[in-house]
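Participant: Those protein sequences? They're chains A and B, same order as listed. Every letter in the first sequence is one number past the one before it in the numbering used here, and letter 321, counting from 1, is 321. Every letter in the second sequence is one number past the one before it in the numbering used here, and letter 96, counting from 1, is 462.
Rather than coming from a laboratory, the hints here were simulated on the basis of the structure. Since we're looking at a predicted model, the values are computed, not measured. Hints may contain errors.
Using C-beta positions, here's what the derived DEER-type ranges look like [claimed, not checked]:
| hint | chain 1 | residue 1 | chain 2 | residue 2 | range |
| --- | --- | --- | --- | --- | --- |
| 1 | A | Phe4 | B | Arg420 | 52 to 58 angstroms |
| 2 | B | Asp567 | A | Arg272 | 50 to 56 angstroms |
| 3 | A | Asn330 | B | Arg495 | 56 to 62 angstroms |
| 4 | B | Arg495 | A | Thr3 | 29 to 35 angstroms |
| 5 | A | Met45 | B | Arg420 | 40 to 46 angstroms |
| 6 | A | Pro274 | B | Asp375 | 14 to 20 angstroms |
| 7 | B | Ile383 | A | Phe4 | 35 to 41 angstroms |
| 8 | A | Ala334 | B | Gln478 | 46 to 52 angstroms |
| 9 | A | Leu27 | B | Glu477 | 28 to 34 angstroms |
No more than 20 angstroms apart at the CA atoms, straight line, and that leaves these computed lysine to aspartate or glutamate pairs for EDC-like [unchecked claim]:
| hint | chain 1 | residue 1 | chain 2 | residue 2 |
| --- | --- | --- | --- | --- |
| 10 | A | Lys88 | A | Glu64 |
| 11 | B | Lys454 | A | Asp181 |
| 12 | A | Lys2 | B | Glu654 |
Built from N, CA and C at the ideal position, the CB exists for glycine as well.
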Amino acid sequence: MKTFWWRQIKAVVRLELKKTFFAKRGLWIYLVAALPVFLFMAYAMAVSREQGRMTEMAHEGGKELTYQDLLAVKPGMTNDEVVALLGKPDVHFYWTEHRHTSAQRIEDILHEKYNYSDGQHSLYVEFVNGKAETVMLGEGSNLIRDSIVFAGVFQFFFLRLGLFFGCLGIFMNLFRGEVLDRSLHFYFLAPIRREVLMLGKFLAGLIATCTIFVTSEVLQTTAFLWAYRPSVRNLYLYHNHGLEHAAAYVGITVLACIGYGAFFLIAGMFFRNPIAPTAVILIWEGINPFLPAVLKQFSVIYYLKSLSPVDVPTPPGMHPVLALLISNSNPVSAPVAVLGLLTVALIALCVSSLRVRRMEINYTTE
Amino acid sequence: MSDRIVFEDVSKFYGEILGVNRVNLAIPPGITSLVGPNGSGKTTLMNLMTGLVRPSRGKIQVLGYRTDDPENLFKLVGYSTQFDSSPKGLTGYQFLYFYLQLSGCDSRTAEQAAWRAIERVNLVADAGRNIAGYSKGMRQRIRLAQALAHDPKVLVLDEPLNGLDPLARSEMIALFRAAAERGCYVIISSHILHEVDVISDQVILLSNGYVVAEGQIQNVRSEIQEHPTQILIRCTRPRDLAAKMIESELASEVVIHNDNRGLLLKTRSADNFYLALNRLIVNGVEIESITPADDDVLSVYEYLIGNEEVVR
């Protein structure tokens, strides 16, 4: 019997994948998945360009500088003192300001800007009449710091919007799309248990979303790391948990597909119009931090936040309500989070199987 | 009764709208036609017996199987629906191949059975084309092929001859007859009564969701008492014969044909009429043929349902 069911599931998966991957109405899902990849590609290009500029500045400057040298520059120093310390700047701008001090007098004020770099940091000094008024030390690219930015994009764009709507587009149409196309009877006329059909469709949705979004996630990570020097990249990947983080993001992506997929599969069986259930699920996921502990457990984002390998810090001065949305106030351990999410998905699939058993082909009154 | 398709007090309501009401049937093997005007409940009855819709009340069993058990039911049942859509992007061959794979066939068996079904409906040349580009008749044939593909014991066919040309119609009718002769249950819905008349072993007449009559058409006709049976006799000297019949009070009305070569009589007791026929034949009258004139589906339909929408 298992072989028989397995053969049926494979047939459902093959049919559904053919429809899901090549459906015109699903093109936007590829775009949603590709957006963060484009973002990190653009970021990689910007970082690469900035690094090239700083390296060039460091090499073409009169003196080979260190980070300590850059730190030694303080406001109030004269330009001679700065030149003595760091050498003649590679980039140097100046202009003269004619300032009216009284009705008859015009005073000329000289503005100068010096830029220095040690190859990884950039120093910007602005002089007014030969005295340093503004000193800014830019850190350049920093993989550890940028990994927090990556975590932010992953949590707040990729997970909550990209994956959420991607799963909506794929899973919600598994049954609803067939009802709209009036082709669901094709499946219902075959000697296949409705639960087996539901499982086959779910697996097809899961394979499709995982393929699209895991590929996106891997490409994002690749694009994100692309700009950094191999030594920095290796240090992050092999000594700063970079590989573990990358694996965790892939795992979270797969779990999100399972969790959201199960929710949207049910929604697609109960509702013809996707707007209402989507809004309800989106709000439910959004207000998760404010829910009582028991209700929190019936949400996907609750478990996914707990699994996130990098916490996104709350910016200082942020409104406490917004801060609560960002932070994970009472995370659960990774095994509990994985088990919890799989249990919630399993409950959703059980509800789906009850529903699919009672589904009727009644296109005219749908 | 595991050798019948059984409806026990079945009703189906779509919200406030009646689909069928209080249906009790036991359908035997052979060709059974569901006859009734649009909206009479033919498709609902078919959807009920294939589990596509669930009864609001009552119980349905198809050869002993419940209709909410598709895994076992559709091993026995093939249903050619009126729904014209199919999964997007499939060719005729793929449509059948995937259907058979869904039915649990391995690739090789599915491939062979798909081609066999395609050959049965004469669609070999177009099997590689996308179904979306098929004509109405070709779509009808591919749906018939789907219903036939796994050699089911029960064939449920909703308006199966719609869109087919005359040659294809006669081929399909031959196919249904052959299935019936093999002991299959062939349930056909149609509103084309002369076709129903030709192919049916028994009929179920439906009107406004109710079963008005069921059984072999001659038996149904004999139950209709308020309309005398009409008998057509082709003979010589029809006037003499007519006089004898009126005299014997077996005929309530007689109409002589214009060509003076026959007569149409109405009798309230057809059985007695046939028994007394030899006695009534007067000397010199040669009987060419005696044919019942109103025990066909069309007449029965008109007597029971009236002149509602129907194609003769």
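Participant: Could you check the structure against the hints above and give me the numbers of any it violates, in ascending order?
Facilitator: 1, 2, 5, 6 and 12
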